[in-house]
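Construct the complete structure from the given sequences, taking the supplied hints into account.
As a plain string of letters, each chain reads:
Number of protein chains: 2
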Amino acid sequence: MNYEQDTNQKNSSTIQRQVNQAKILRTLRTLQPIARVDLARETGLSKATVSSIVDELVLESLVEEIGATTSRGGRRRILLRVRPGREGRCAIGFELSRNNLIGILVDLEGRVIATHRDLLPAGYLNPASLVELIQQQVQHLITPQDSTNRGLVGVGLGIPGLVDPNTGRVLVAVQFGWSDIPIKEMLEIQLKVPVKVMNNVKAAALGEVIYSNHSMEHSPNPRLYLSLGEGIGSALIIEGKLLSGVSHTAGEFGHITVAPNGPLCTCGNMGCLEAVAGLPALVSRYLELSRLEEPSRLTITPGEFPYLTSARFLEAVSAGDSLADRVVAEAADQIAIALAGVINFTNPELVILGGPLSQVGAALLNPITQALRRRALPLPLSQVRLITASLGSNAAGLGLGATIISQLSEVVLSR
Amino acid sequence: MNYEQDTNQKNSSTIQRQVNQAKILRTLRTLQPIARVDLARETGLSKATVSSIVDELVLESLVEEIGATTSRGGRRRILLRVRPGREGRCAIGFELSRNNLIGILVDLEGRVIATHRDLLPAGYLNPASLVELIQQQVQHLITPQDSTNRGLVGVGLGIPGLVDPNTGRVLVAVQFGWSDIPIKEMLEIQLKVPVKVMNNVKAAALGEVIYSNHSMEHSPNPRLYLSLGEGIGSALIIEGKLLSGVSHTAGEFGHITVAPNGPLCTCGNMGCLEAVAGLPALVSRYLELSRLEEPSRLTITPGEFPYLTSARFLEAVSAGDSLADRVVAEAADQIAIALAGVINFTNPELVILGGPLSQVGAALLNPITQALRRRALPLPLSQVRLITASLGSNAAGLGLGATIISQLSEVVLSR
DNA sequence: ATACTAAGTTTAGGTACTGAACAAACTTCC
DNA sequence: GGAAGTTTGTTCAGTACCTAAACTTAGTAT
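Chains L and E are the protein sequences, given in the same order.
Last residue of the first sequence: number 415 in my numbering, and the count goes up by one each step with no gaps.
Last residue of the second sequence: number 415 in my numbering, and the count goes up by one each step with no gaps.
Treat each hint with caution, since some may be false.
Once the Cα atoms are required to be at most 30 Å apart in a straight line, the calculated BS3-like pairs of lysine-lysine come out as [claimed, not checked]:
id, chain 1, residue 1, chain 2, residue 2
1, E, Lys196, L, Lys241
2, E, Lys241, L, Lys241
3, L, Lys241, L, Lys192
4, L, Lys196, L, Lys241
5, E, Lys241, E, Lys192
6, E, Lys241, L, Lys196
7, E, Lys241, E, Lys196
Since the hints were derived computationally from the structure, they do not count as laboratory data.
If you want it as structure tokens, here you go:
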């Protein structure tokens, strides 16, 4: 079940054991603490098989015994659980952003054990240097004794750019000037553990979605993550998997048309959501309206106007600036138009609002909720839970870590 | 592999054989005619295993030998293929509409062997009578000798209404006054073969998507089917599976907002696509504009105006009525607004235009294509193939039949 | 102490896969 | 035409993994 074994594994066709190992691990994780008998009953496997597989899992540091229950006649049941903390196995999720590399070490239960942040060196970032940097962080994060990475289940990496999650190639990353970099392959050679690479916003989406649930079990129903910031993106998760699309660009939420004759967007279309509700648009709108408003009622002084940044604008909203609040409410209406369409179309069970704009909380959530009531169909709307993202800058790392961990209890049929 | 065997099958855990049977069947179907050696090479299984599984498949009438090739030194290879026609196994797809029950018998290659259509009796249709009617059609369609349905792999049923495809329950079918009918269960008891029940538009979508491909192999990428008629619906197929959603209402394309302050829709929202581009809206628009137009240039005479039906309107478009054409072109613009959003969001490889309105062909397709060029993002747009539906009233039946057949070469891990 | 009960382990038997040897059915070449 | 060579498909011994049933372990009940 670890990487070395996978590579010199028999002949890819002994699916049985993998399926059953995964089944037991999955059951164990959702019902823990649990005894072998109950695992047998839950999974439909025989007690003998469960014993045999549990033995293996204990050997691999994935599972541990935690004493016995009191009995009501008969031998006491020995409770098992997924082995938590540093003593068990773990995974690391990395997020690469413009200036930082954040690494988050999670245990088998998806809990954070340690984090590490490196500032990126100025100037061009070489793919090889990134690999080097990640290798160093891995050494920092896992226990120093374990230099073989044997405790490490795998590593995930989120990158701002277009990634093919299947091959793990970075197709384009404008910020770093990369194109067609086989980063997954490079990392696997260096780290000797399986690596998963994906877009950082999608990784954050996975994180928020998985951790919204209090269990790492995935729902089969669609769940949507919305990232509201300078740009507006999203990720749709169906049956626990990210929708990627033919060219891996699925999730473009910001270019849904919400005002057919509205302002020109950078993409060439008129009235894209991003053009009216992206942060730059909100700042412009604020400046436009502030001319009509009495300065005394504003949190932002007219002197700041020429230098008004998105961050400062968001502060004003949080500080209760009524004009900023109005601008956000207007944007919420526009967001709701697109969101209502997507809710009707995908019928999700969960929508998570993420990105900088989402941090203003109720100032955004309330008007969106209201507008959705007018715009969305009653049945799908009644099924959807609308919440705000809660993991902050840890989201991507956690999503990647949890994804790696989850793969232990999934079997991918190779086709 | 047939239904009786499935029920008293060992103990649900002999997954190995099922996986490998499915793998061989899948490979065989895409690469046929093919010999055992090549199957072994393609699937990675040993020659011994392939021989053993092929023997089983031949016994089950799923596969047949079709003579040998000429050799270039060495024993000649015996070519195998999926057994076509009545001699092989087959499936039946039924579509229930307001007045008709259409049954389509397809062979293992997805080709139509026979069709049958019954007019429904007037008045309330009892679920039990439907089961009875389907049972009769099954008897008509399969060879009379085979009264045990042994040749029948399974049956699919498409119903206009809200269906839970997992349980096969009809949640609501307004046209028939049904609610919460376990139609799948009822049919399985009667027919003694596996039954799949789903919404008829989604079944049609599956049909069009599967048959657009010239092979029954499913692409992993998203594909979209649009049904343009009185109402506007859609179905999104991802990894060969229909997106259903929490409450099984996914695909509501008609209630995407395309004109935020537009006309009131039946759903309560303003400016839904359906309210501006559904057939009733087009007819109204035609009547509205016809007052300004010179009657001589119209195909429809003013005398018809009070009785103008959607069907007549569509005839006028096909006849080249310039005003009707203009109305369709306007609608195409609105459709393109919603479609561009969905293309950006889902990044599909295929969009199929279906439903009555799609039958006007280029009058609709051209303006949509043009508008998409302005509205959709270049990268996703460049990947999408936009075509018109081609199966007509057979679509749903074919989709269901093909779905049943496809299940032979798929393994669903039970969780 | 003895009987009962339930959890977990051991064992014998069955299924399904694989590699290697073998049989079958060709072509080639002298 | 027969020996040699080639390739396909089958048979067989060995292995992995599952199950049911018997057994061991470790408790409670009386």
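These are the hints, each one checked on the structure:
no., hint, in the structure
1, E:Lys196 x L:Lys241, "holds (24 Å)"
2, E:Lys241 x L:Lys241, "holds (13 Å)"
3, L:Lys241 x L:Lys192, "holds (25 Å)"
4, L:Lys196 x L:Lys241, "holds (13 Å)"
5, E:Lys241 x E:Lys192, "holds (25 Å)"
6, E:Lys241 x L:Lys196, "holds (24 Å)"
7, E:Lys241 x E:Lys196, "holds (13 Å)"
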